[in-house]
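A.B. asks: Here are the chains, one letter per residue:
Protein chains: 2
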Amino acid sequence: MTTKPIPAPAKKRTSIGSRRNPEAEAAVLAAAKDLISEKGYAGFSVDEVARRAGAGKTTIYRWYPTKADLFIAIYTAERSTFVPVPDTGNLVEELVQYTTSLWRFWESHPAGAALRGLIAEAQGTPEALSALRDRFLPDRTADVRRMLSGGAARGELQAAEVDDKVALWVGFSWFKLLVGELHDEGVIKSVMMQIAEVRRDS
Amino acid sequence: MTTKPIPAPAKKRTSIGSRRNPEAEAAVLAAAKDLISEKGYAGFSVDEVARRAGAGKTTIYRWYPTKADLFIAIYTAERSTFVPVPDTGNLVEELVQYTTSLWRFWESHPAGAALRGLIAEAQGTPEALSALRDRFLPDRTADVRRMLSGGAARGELQAAEVDDKVALWVGFSWFKLLVGELHDEGVIKSVMMQIAEVRRDS
Numbered sequence: 001m002t003t004k005p006i007p008a009p010a011k012k013r014t015s016i017g018s019r020r021n022p023e024a025e026a027a028v029l030a031a032a033k034d035l036i037s038e039k040g041y042a043g044f045s046v047d048e049v050a051r052r053a054g055a056g057k058t059t060i061y062r063w064y065p066t067k068a069d070l071f072i073a074i075y076t077a078e079r080s081t082f083v084p085v086p087d088t089g090n091l092v093e094e095l096v097q098y099t100t101s102l103w104r105f106w107e108s109h110p111a112g113a114a115l116r117g118l119i120a121e122a123q124g125t126p127e128a129l130s131a132l133r134d135r136f137l138p139d140r141t142a143d144v145r146r147m148l149s150g151g152a153a154r155g156e157l158q159a160a161e162v163d164d165k166v167a168l169w170v171g172f173s174w175f176k177l178l179v180g181e182l183h184d185e186g187v188i189k190s191v192m193m194q195i196a197e198v199r200r201d202s
Numbered sequence: 001m002t003t004k005p006i007p008a009p010a011k012k013r014t015s016i017g018s019r020r021n022p023e024a025e026a027a028v029l030a031a032a033k034d035l036i037s038e039k040g041y042a043g044f045s046v047d048e049v050a051r052r053a054g055a056g057k058t059t060i061y062r063w064y065p066t067k068a069d070l071f072i073a074i075y076t077a078e079r080s081t082f083v084p085v086p087d088t089g090n091l092v093e094e095l096v097q098y099t100t101s102l103w104r105f106w107e108s109h110p111a112g113a114a115l116r117g118l119i120a121e122a123q124g125t126p127e128a129l130s131a132l133r134d135r136f137l138p139d140r141t142a143d144v145r146r147m148l149s150g151g152a153a154r155g156e157l158q159a160a161e162v163d164d165k166v167a168l169w170v171g172f173s174w175f176k177l178l179v180g181e182l183h184d185e186g187v188i189k190s191v192m193m194q195i196a197e198v199r200r201d202s
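Protein chains in written order, with the UniProt record's numbering: chain B, 1 to 202; chain E, 1 to 202.
The hints are simulated quantities; they were obtained by calculation from the structure and are not laboratory data.
Careful: at least some of the hints might be erroneous.
Identical copies look the same in the list; a pair holds intra-copy or inter-copy alike.
[Said to hold, decoys possible] Derived SDA-like pairs: lysine to any residue, alpha-carbon spacing no greater than 20 angstroms straight-line:
{"id": "1", "residue 1": "Lys189", "residue 2": "Ala159"}
{"id": "2", "residue 1": "Lys39", "residue 2": "Glu127"}
{"id": "3", "residue 1": "Lys39", "residue 2": "Leu129"}
{"id": "4", "residue 1": "Lys57", "residue 2": "Ala152"}
{"id": "5", "residue 1": "Lys57", "residue 2": "Asp47"}
{"id": "6", "residue 1": "Lys39", "residue 2": "Ser130"}
{"id": "7", "residue 1": "Lys39", "residue 2": "Pro126"}
Chain B with its partners taken away, still in its complex shape (with noise of 0.2 angstroms):
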């Protein structure tokens, strides 16, 4: 809360740039976060986060540009608390606890919606594309990267394999996200054990 005085509406709040209320933002970002939740994609609007949170529409797209920046920030918000990283030494151990704290976690958090509605907009606008493409997935790939590149350590694997096998895993794991089914977490092992080559006899 400041105690400044409101400024005339004539001025508003043109002169502060683009420095940032944390009060106002988190304001936002909690709006933001209950829309999609309740409505999903297609409920989506900067218009109506902006009404909830009680923020101007000029304030929301100068803090994040496009939708694809909102659904980002809903999604890096929470993420960190809810997916541990484990690190066991055997592979598909790892992989295995990693993606199904994921999956659970984009079933029970804003952040799946956020994740569905970012993939959605990144079929509508080069912008939102670059966002997904070149800013997210290379924060969000690095855990499974560094896992399988330690199993690359141990020899369990290829080094020279491990941009496939983060692909397929990134991959599988929207499919399972873009069509629904992330409650299926039977398929979780066996899959993983392909993806890190382990055959089913062995």
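With the hints as your guide, set chain E onto chain B.
C.D. replies: Below, chain E without anything else, positioned relative to chain B:
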């Protein structure tokens, strides 16, 4: 072309029920193809399809109750012509040929944009999600399933692994479509080797 007199505006065409006029239907599909190619998912609307095709919105909705139905129709109309199903008796070879044809088809025909639209739309409405998962997917993964089952029959993999491998294949191909990396054909071979569980050094 019909030689019947044009019905008076007051009666319109309500009496023909859901019977389709093939010429009008072709015009709608052609307009939908052009529009998704030109404007992508974000610029696609039934209003604009109706305007371009000179058709009524009500008629279009009668034929294609949702945008998802229209995307599936665009996709299906061209698919069989451009994606041959190889039968060489070598699983990796078959998967590589098929995936390469499919990616090229997605890149160079309205079908690719239509599939991106269908997946995006499925993130917004339960009807579109069901159309994608329950109607589109089983049809569109039948070829890959057949190739993998053929490999299993020849002893190249275990029959119990086919479902997981279909999911890995779909996930990987969708992922490349959704991030706009279909031109990246160089990755196909090594990823198909991993899906088929052929080790690089074997």
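A.B. asks: Each of the hints needs a verdict: does it hold here or not?
C.D. replies: Right, here's what the structure says about each hint:
1. Within a single copy, Lys189 and Ala159 get their C-alpha atoms only as close as 22 angstroms, which misses the 20 angstroms cut-off; across copies the closest is 17 angstroms, which meets it.
2. Within a single copy, Lys39 and Glu127 get their C-alpha atoms only as close as 23 angstroms, which misses the 20 angstroms cut-off; across copies the closest is 15 angstroms, which meets it.
3. Taking the closest pair of Cα atoms, Lys39 and Leu129 come within 20 angstroms of each other only across two copies (15 angstroms); inside a single copy the shortest separation is 22 angstroms, beyond that limit.
4. In this assembly of identical chains, the alpha carbons of Lys57 and Ala152 never lie at most 20 angstroms apart, being 48 angstroms within a copy and 57 angstroms across copies at closest.
5. Only within a single protomer do Lys57 and Asp47 lie at most 20 angstroms apart by alpha-carbon distance; the minimum there is 7 angstroms, versus 27 angstroms between protomers.
6. Taking the shortest alpha-carbon separations for Lys39 and Ser130, only the inter-copy value of 17 angstroms comes in at or below 20 angstroms, while the best intra-copy value is 25 angstroms.
7. Taking the closest pair of Cα atoms, Lys39 and Pro126 come within 20 angstroms of each other only across two copies (12 angstroms); inside a single copy the shortest separation is 24 angstroms, beyond that limit.
Checked against the numbered hints above, the structure violates only hint 4.
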